[in-house]
Amino acid sequence: MFREDMPGCVRWEILMHERFSDVWICKDFGRVTIGADPGELGRAVLAAYLAGRPTRGETFRVVVRGDDGGQSVITPGQLSDPGWKADPALCEALPAYLRNALA
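FYI, in this note's numbering the residues of the sequence shown are 1 to 103.
Calculated from the structure, these hints are not laboratory results.
Check before you lean on any hint, since a few could be wrong.
In silico EDC-like pairs for lysine to aspartate or glutamate, Cα to Cα no more than 16 Å straight-line [to be verified]: (1) K85 x E40; (2) K85 x D37; (3) K27 x E58; (4) K27 x D37.
Sequences and hints are given; from them, build the entire structure.
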């Protein structure tokens, strides 16, 4: 039996747009079992990945897929909300190199 308050597996991919061939290239991926909003997890992943990393004009996005088959695409424009900050509980669910980038 699935309930909304039960943790589910969320998979995420960090993608970079390769402008010469017009394809999205997977730069990293991961998964976590968590009860949080997949969109918020995607924002935390993208913010951590881009923190302190020179983008050299490249375009990045994160695609988040949940157990329910739903998919969210998170772009850097969604990180520009001045009041947004990654939830500490979400940060704990991230791999160490992403978690440390948000610290």
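Okay, the hints, checked on the actual structure:
no.: 1; hint: K85 x E40; result: 10 Å, holds
no.: 2; hint: K85 x D37; result: 14 Å, holds
no.: 3; hint: K27 x E58; result: 12 Å, holds
no.: 4; hint: K27 x D37; result: 23 Å, violated
Comparing the model with each earlier hint shows a violation of hint 4 alone; every other hint is respected.
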